[in-house]
Amino acid sequence: MVKARAIKEILLLNILRLSAIAIMLSFFIILYFLAVEGLKVLSISFLIERPRAGMTEGGIMPALLGTFYLTLGAIIVAFPLAVFTAIYMTEYAYTQSKTMQAVRIAVNTLAGVPSVVYGLFGFAVFVKVFGFGVSILAGSLTIAILLLPILIRATQEALFAVPNSFREASFAVGATKWQTIRMVVLPASAPGILTGVILSISRAAGETAPIMFTAVTFFTIALPDSIFSEVMALPYHIYGLMTEGAVPEKQVPIAYGTALVLVLLVLSLSLTAIIIRIRLRKQKKW
Amino acid sequence: MVANSEKLKAETKGLSFYYGNVQALKDIRLPLTEKEVTALIGPSGCGKTTLLRCFNRMHDLYPHNKYEGEITIFPDNINIVDRGIDPLDIRMRIGMVFQKPNPFPKSIYENIAFGLRVRGVRKKTILDEQIEKSLTRAALWEETKDRLQESAFNLSGGQQQRLCIARALATGPEMLLFDEPTSALDPIATSKIEDLIVGLKEEVTMLIVTHNMQQAARISDWTGFMMLGELIEFDKTDKIFTNPAKKLTESYITGRFG
Amino acid sequence: MTRATKDKIIEWGITLIALTSVISFLGIAVVLFAQGLPAFNFVGLWDFLTGRGWHPTHVYEPEFGILPLIMGTLWVAAGALIITVPFGVGAAIYISEVARPAVKDVIKPIIELLNSVPSVVMGFIGLLILAPAVMNLFNLPVGLTIFTASVMLALLYMPYVVSIAEDALNAIPMSLREASYAVGANKMETITKVVLPAAFPGVSTAVILGGGQMIGETMIVLMVAGGAAMVPTSFFEPARPMTATIAAEMGETVVGGDHYHALFAIGIVLFVITLILFILVNLIEKKFRREKLW
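Protein chains in written order, with our numbering: chain G, 1 to 286; chain A, 1001 to 1258; chain P, 2001 to 2294.
Derived by calculation from the structure, the hints in this document are not laboratory data.
None of the values given here were measured: they were computed from a predicted structure.
Glycine included, each C-beta is placed from N, C-alpha and C at the ideal position.
Hints are not guaranteed to be accurate.
Chain A is faced by these chain G residues, among others (derived, beta-carbon under 10 Å) [to be verified]:
1. Thr95
2. Gln96
3. Asn164
4. Phe166
5. Phe171
6. Gly174
7. Ala175
8. Thr176
9. Met183
10. Ala188
11. Arg281
Subject to a maximum C-alpha distance of 20 Å in a straight line, what follows is the list of computed SDA-like cross-link-like pairs (lysine to any residue) [unchecked claim]:
12. A:Lys1100 x A:Thr1190
13. P:Lys2108 x G:Ile275
14. P:Lys2006 x A:Thr1190
15. P:Lys2008 x G:Ile275
16. G:Lys98 x A:Tyr1062
Not close to chain P: a few residues of chain G, all C-beta gaps over 12 Å, as computed [stated by the list, open to error]:
17. Ile48
18. Phe68
19. Thr85
20. Ala106
21. Ser115
22. Gly122
23. Ile152
24. Asp225
Taking the hints into account, I'd like the entire structure generated from these sequences.
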């Protein structure tokens, strides 16, 4: 009886351990395949050359550049909006107020809207109604809206982590609300907000569905020369190489290389964010 | 109760306070004598901290709080809990020291400069001068003059609390509020803070909430005993501790409850 | 201008900025409905939702029935959940209840890193690695099936489910566990009889939110689900989920045409599903909060 209980327990604990191990293992398997196949084509010239011979040779420089522009544009738009919205939600609004309720519902629902629906919205509004065409601008704005809820939540978390005693101390010496936010709350939460921004960049760089009809093209000879240019982008390049073109045996290796570059980019960003956060927890004295 | 010859710095009249629908203070009448220390004692939850935080309108930071009645400050004779009075103006004149030391995550220098900066002081010479002066008054200058740019978190708990006092002093307040300022400190640090408070009597009027009756007896001139949101008894400190008028006060200070 | 007035003006400004999210949310709803509702001029709502034929580009007799697409979405998401729930919740329990802190410090960041792998890369791996394996293993004509998509989706959203479930477990107060140990329960009994039941609302929220994300995922289903617009009857058939349909067809459709409006109407369906799940999660949280005794 007692023994059966003990055996059952060991069994269960090992099943739990195995599920955690299985998840990590699958992650390493993915990385392994990407690394083995991707490293065959990865080189400096792969990164700095343009594609040649109808996407069957050459490098991925235009796609790297396009992803950089799209991500940069999205962050520039989303960052201020998200930070101020989070400030509103944590520092100003009373939970019961109508505006606060509306903002909270909007943010929470936006977080669940499928990315392809953002793409539809971006196409109808930015590409068509605003007339930006398929362009960096339209794509960046679309990704920016997708990033809003993610960045708002991350910023809110960072603001919540600032102890109330700091705010009270600031008010007690006669600071206004904005002075308190600007001089005490934001500096204290800056590393946390930074973590959120880095994670959003990594998210933005990997998104495909929202830019499919708003910003990207599978192939363009010209490099972008304005925010109204259409661009190539890493995630769409992978998709395009697998679904378009006529020479799959030449395209698949390039796709592996592109996927490896994208994953390395995104993982190193996330890793940076995680390291900042771990450091932060260790240092924190309040 | 209060001799007429004493000069008042502030006085509450018929002060009630509500957290939403819950009445936390009932009809408080409390006079504060200028440049003396008034202590508030009483069991946990009696409303002493709530009363203290009325004096710099700290309750305004949270929704659904309501004041009734008056806190008049002298000599200008204004009611500071009046809705028309900007809490900012009040906090410019009445400083506060909190239960746990709460320095900002900034340098020692910036912690004290903070109050001056929010008042628009930019000139380094003025800042330097005020910082030295405040740290000296808070008996912290000798320990910190060579490390002003270090993080305030590098200081010990007692030093941090003195830093918070210096921060409150830097803006030249007329009154200082202390919310159990030594409850998180060891006995040595506590006695330093107590000495400091006694020394500050020359300059400011002080109201202190304390859990520690000996502390009230040691440093205050006046003591108010509170229970369940009411001010049960208020008198000269030695009177309260030797010959209280109310039975309830006596039971409390002799340790029968609380 | 006094400091107080300046402060008020800043507050208004910030409130105004906060409304961007509300405007975006309403904007998405308005655009979807404005572009999607015209579809119901040429196909009835009921026929749209229950029609079994999706041939939007047929020259003579186009058909706009999205039942195969809805069912495709549901099959893929259900398959993914069947994989994610035991592994994800199991891993969450392991991290929160069993693992030593040092082990935890290694596992958590790794699972979080998995979360940042882009979906298009998951689709790519599914296409090149998993699909051939599935084809050989189950002796199928093609490896692009619901099962293949479900596995890749499960992997993509595993970290998401793990982290929300772990939060739910961490929210259970230590005293509850101590009470269980104090009456002689072992770790297994504490987990299965005390911790899990107490964390049930939080864990089910994690599952619902994960399911919602899976329904909305695009790239994986676009690349590995096979793309056949038929109502599936098993996990080893191809399917064409709603998101994949939009992504695949949007680029080739005439703006303002029937097909275009029909694709936006699919967007409405996805949006409404998002709303329903949001309300569901809120109801669970509300009920939970009312019952919560600690």
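A quick look at each hint next to the structure:
Checking Thr95 of chain G against chain A by beta carbon gives a least distance of about 8 Å; that is within 10 Å, so the hint holds. At a threshold of 10 Å, the smallest CB-CB gap from Gln96 of chain G to chain A is about 7 Å, leaving the interface hint in force. The beta carbon of Asn164 of chain G comes within 9 Å of a beta carbon in chain A, closer than 10 Å, and the hint placing it at the interface holds. Evaluation of the Phe166 of chain G hint against chain A yields a held restraint, the C-beta minimum of about 6 Å falling below 10 Å.
Interface hint status for Phe171 of chain G: upheld, as the beta-carbon distance to the closest one in chain A is roughly 6 Å, under 10 Å. Given the 10 Å rule on beta carbons, the hint for Gly174 of chain G holds: about 4 Å separates it from the nearest Cβ of chain A. Among the interface hints, the one on Ala175 of chain G holds; its C-beta lies about 4 Å from the nearest C-beta in chain A, closer than the 10 Å criterion. Taken as an interface hint, Thr176 of chain G checks out: its beta carbon lies about 6 Å from the nearest beta carbon of chain A, inside 10 Å.
Interface restraint check: Met183 of chain G against chain A, minimum CB-CB distance 7 Å, threshold 10 Å, status holds. Because the beta carbon of Ala188 of chain G sits about 5 Å from the nearest beta carbon in chain A, less than 10 Å, this interface hint is met. The interface hint given for Arg281 of chain G is broken, as the beta carbon of that residue sits about 14 Å from the closest beta carbon of chain A, more than 10 Å. Between the alpha carbons of Lys1100 of chain A and Thr1190 of chain A the distance comes to roughly 12 Å, so the proposed pair stays at or under 20 Å and holds.
This hinted pair checks out: Lys2108 of chain P and Ile275 of chain G have alpha carbons roughly 12 Å apart, not beyond 20 Å. Our distance criterion of 20 Å between C-alpha atoms is broken by Lys2006 of chain P and Thr1190 of chain A, whose separation comes to about 41 Å. For the given pair, Lys2008 of chain P sits about 38 Å from Ile275 of chain G by alpha-carbon distance, which is inconsistent with the 20 Å threshold. Restraint check: the Cα-Cα separation between Lys98 of chain G and Tyr1062 of chain A comes to about 17 Å, which is no more than 20 Å; the hinted pair holds.
With a least CB separation of 22 Å from chain P, Ile48 of chain G remains clear of the 12 Å interface cut-off, as annotated. The claim that Phe68 of chain G lies off the interface holds: its Cβ sits roughly 15 Å from the closest Cβ of chain P, which is beyond the 12 Å cut-off. The non-interface label for Thr85 of chain G is inconsistent with chain P: the shortest C-beta to C-beta separation is roughly 4 Å, within 12 Å. With a least beta-carbon separation of about 4 Å from chain P, Ala106 of chain G fails to lie farther than 12 Å from that chain, contradicting its non-interface assignment.
Taking the minimum C-beta to C-beta distance to chain P, about 6 Å, the non-interface status of Ser115 of chain G is violated against the 12 Å cut. Residue-level check failed: Gly122 of chain G sits 9 Å from the nearest beta carbon of chain P, not beyond 12 Å. The Cβ of Ile152 of chain G does not lie farther than 12 Å from every Cβ of chain P; its closest approach is about 7 Å, which violates its non-interface assignment. Here Asp225 of chain G stays apart from chain P, with its beta-carbon at least about 24 Å from theirs, past the 12 Å limit.
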